[in-house]
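Given the sequences, and given the hints that come with them, work out the whole structure.
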Amino acid sequence: MRQVRHLLEGKGGSIYTIAPDAPVLEAIKSMAEHRIGALLVMRGEQLLGVVSERDYARKVILQGRSSAQTAVAEIMRGDPLTVGPQTDVLDCMRLCTDSRVRHLPVLDGGKVVGVISIGDLVKAVIDAQAEQIEHLERYITG
206 MRQVRHLLEG
216 KGGSIYTIAP
226 DAPVLEAIKS
236 MAEHRIGALL
246 VMRGEQLLGV
256 VSERDYARKV
266 ILQGRSSAQT
276 AVAEIMRGDP
286 LTVGPQTDVL
296 DCMRLCTDSR
306 VRHLPVLDGG
316 KVVGVISIGD
326 LVKAVIDAQA
336 EQIEHLERYI
346 TG
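Letter by letter, the sequence shown follows residues 206 to 347 of this note's numbering.
Everything labelled a hint here was simulated from the structure, so no lab data went into it. Mixed in with the good hints, there may be bad ones.
Said to hold, decoys possible - EDC-like mimics (lysine to aspartate or glutamate), calculated; alpha carbons at most 20 Å apart, straight line: (1) 328 with 296; (2) 264 with 250; (3) 216 with 332; (4) 216 with 238; (5) 328 with 214; (6) 316 with 284; (7) 264 with 231; (8) 264 with 284; (9) 216 with 303; (10) 328 with 339; (11) 216 with 284; (12) 216 with 293; (13) 316 with 250; (14) 264 with 226; (15) 234 with 279; (16) 234 with 258; (17) 316 with 332; (18) 328 with 303; (19) 316 with 214; (20) 234 with 260; (21) 328 with 279.
Have a look at this one:
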């Protein structure tokens with residue numbers, strides 16, 4: 206099975222971040238601009254948490270808070286689960302499922318090198334299954 210490093214190679218090296226004291230409105234605008242569902246919350250090189258569209262919906266919209274006046278730090282998920290480049294895709298899927306998270310920051314030597322989503326993981330599994338089916342079909346048909 207593929208590893209996280211393979212997914213990152215296919216995605217490119219873009220990492221989208223936001224500061225913890227930034228307003229949530231800025232985070233939402235950034236997610237919309239980059240067409241992503243979450244941002245890493247960082248202070249310099251230090252990973253503090255992850256903020257997602259889901260956090261926005263549950264902790265700002267449903268609670269009647271102001272997007273412009275609420276800081277990202279107030280709604281982010283702190284102490285995020287992380288994986289390394291050598292982590293197996295299936296292990297990541299289990300982690301996402303068991304922990305009910307959709308985004309996993311990838312750390313290498315304590316440094317953020319990327320982020321993968323549940324969508325990236327599902328695509329990797331589908332691609333691997335399609336490749337295996339193709340090999341089996343070629344084997345059967347000779």
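Verification of the supplied hints:
no.: 1; hint: 328 with 296; result: holds (15 Å)
no.: 2; hint: 264 with 250; result: violated (26 Å)
no.: 3; hint: 216 with 332; result: holds (14 Å)
no.: 4; hint: 216 with 238; result: holds (17 Å)
no.: 5; hint: 328 with 214; result: holds (14 Å)
no.: 6; hint: 316 with 284; result: holds (15 Å)
no.: 7; hint: 264 with 231; result: holds (15 Å)
no.: 8; hint: 264 with 284; result: holds (17 Å)
no.: 9; hint: 216 with 303; result: violated (24 Å)
no.: 10; hint: 328 with 339; result: holds (16 Å)
no.: 11; hint: 216 with 284; result: violated (24 Å)
no.: 12; hint: 216 with 293; result: holds (16 Å)
no.: 13; hint: 316 with 250; result: holds (7 Å)
no.: 14; hint: 264 with 226; result: holds (16 Å)
no.: 15; hint: 234 with 279; result: holds (17 Å)
no.: 16; hint: 234 with 258; result: holds (11 Å)
no.: 17; hint: 316 with 332; result: violated (29 Å)
no.: 18; hint: 328 with 303; result: holds (19 Å)
no.: 19; hint: 316 with 214; result: holds (17 Å)
no.: 20; hint: 234 with 260; result: holds (14 Å)
no.: 21; hint: 328 with 279; result: violated (32 Å)
Hints 2, 9, 11, 17, 21, counting from the list given before, are not met by this structure.
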